[in-house]
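**Student:** Chains as they are written, first to last, in our numbering: chain A, 1 to 110; chain B, 111 to 224.
It is possible that part of the hints are untrue.
Cut-off 27 Å, straight-line C-alpha distance, at most; resulting in silico cross-link-like pairs (DSS-like, lysine-lysine) [as the list claims (entries may be wrong)]:
| hint | chain 1 | residue 1 | chain 2 | residue 2 |
| --- | --- | --- | --- | --- |
| 1 | B | 167 | A | 2 |
| 2 | B | 121 | A | 42 |
| 3 | A | 67 | A | 97 |
| 4 | A | 67 | A | 42 |
| 5 | A | 2 | A | 67 |
| 6 | B | 121 | A | 56 |
| 7 | B | 124 | A | 97 |
| 8 | B | 121 | A | 93 |
FYI, nobody ran anything at the bench for these hints, they're computed from the structure.
Predicted model, so just to flag it, every value in this text is computed and none were measured.
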Amino acid sequence: QKEVEQDPGPLSVPEGAIVSLNCTYSNSAFQYFMWYRQYSRKGPELLMYTYSSGNKEDGRFTAQVDKSSKYISLFIRDSQPSDSATYLCAMMKGAQKLVFGQGTRLTINP
Amino acid sequence: GAGVSQSPRYKVAKRGQDVALRCDPISGHVSLFWYQQALGQGPEFLTYFQNEAQLDKSGLPSDRFFAERPEGSVSTLKIQRTQQEDSAVYLCASSLVQGLDTQYFGPGTRLTVL
Chain A
1 QKEVEQDPGP LSVPEGAIVS LNCTYSNSAF QYFMWYRQYS RKGPELLMYT
51 YSSGNKEDGR FTAQVDKSSK YISLFIRDSQ PSDSATYLCA MMKGAQKLVF
101 GQGTRLTINP
Chain B
111 GAGVSQSPRY KVAKRGQDVA LRCDPISGHV SLFWYQQALG QGPEFLTYFQ
161 NEAQLDKSGL PSDRFFAERP EGSVSTLKIQ RTQQEDSAVY LCASSLVQGL
211 DTQYFGPGTR LTVL
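Extracted from the complex, chain A is given alone in its bound form (with noise of 0.2 Å):
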């Protein structure tokens, strides 16, 4: 069983809609909490960064982080095409090495 769970989509939802996205880690080691765009051919961006329980919001992001049960969220606001990409979910443990999920592929469509 991989330490962090990530659903991989793909998800596609219509320009304006919400949406959500999830993941869900098995090691209480766990301490801050990312996520990370990623374009086609292109290295991952972060996008939040969240280290305790409770939500941050960023413009039209918001990330959700509940340690009782393991599991965080990223929204989506008001989408846009161009949010379209892969939406990596990471979390780090010491030492500063990421332990990313698997990815969720996005589309917005116009």
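Starting from the structure of chain A, add chain B where the hints point.
**Tutor:** Just chain B now, kept in the frame of chain A:
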């Protein structure tokens, strides 16, 4: 300023060949990471440098994989006697300081072993 650059962007090797993949981190970044991303999967950690010191190589899949960063800047990932299962995108990332800090990723090198 320039981001993380990697070369070559694409590499095709015959099984059994040796390959060398280069990473130029952001200038001044202390930490450098290598990840392997198989098709349809998330990146998986290979190894980590702080300056020229390789502090963690626990993710290297076999002794055919070797990484170095001799002057604490440019890094090279070498794969000897390539196998088909080595086909993947190899991503390099750098961060400014040790400890928790944003990792900036390069575009990756796509390796195909025939």
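**Student:** Determine for every hint whether it applies to the structure shown.
**Tutor:** Hint by hint, here is what the structure shows:
| no. | hint | in the structure |
| --- | --- | --- |
| 1 | B/167 - A/2 | holds (20 Å) |
| 2 | B/121 - A/42 | holds (16 Å) |
| 3 | A/67 - A/97 | holds (19 Å) |
| 4 | A/67 - A/42 | violated (31 Å) |
| 5 | A/2 - A/67 | holds (17 Å) |
| 6 | B/121 - A/56 | violated (40 Å) |
| 7 | B/124 - A/97 | violated (31 Å) |
| 8 | B/121 - A/93 | violated (32 Å) |
Comparing the model with each numbered hint stated earlier shows that hints 4, 6, 7 and 8 do not hold.
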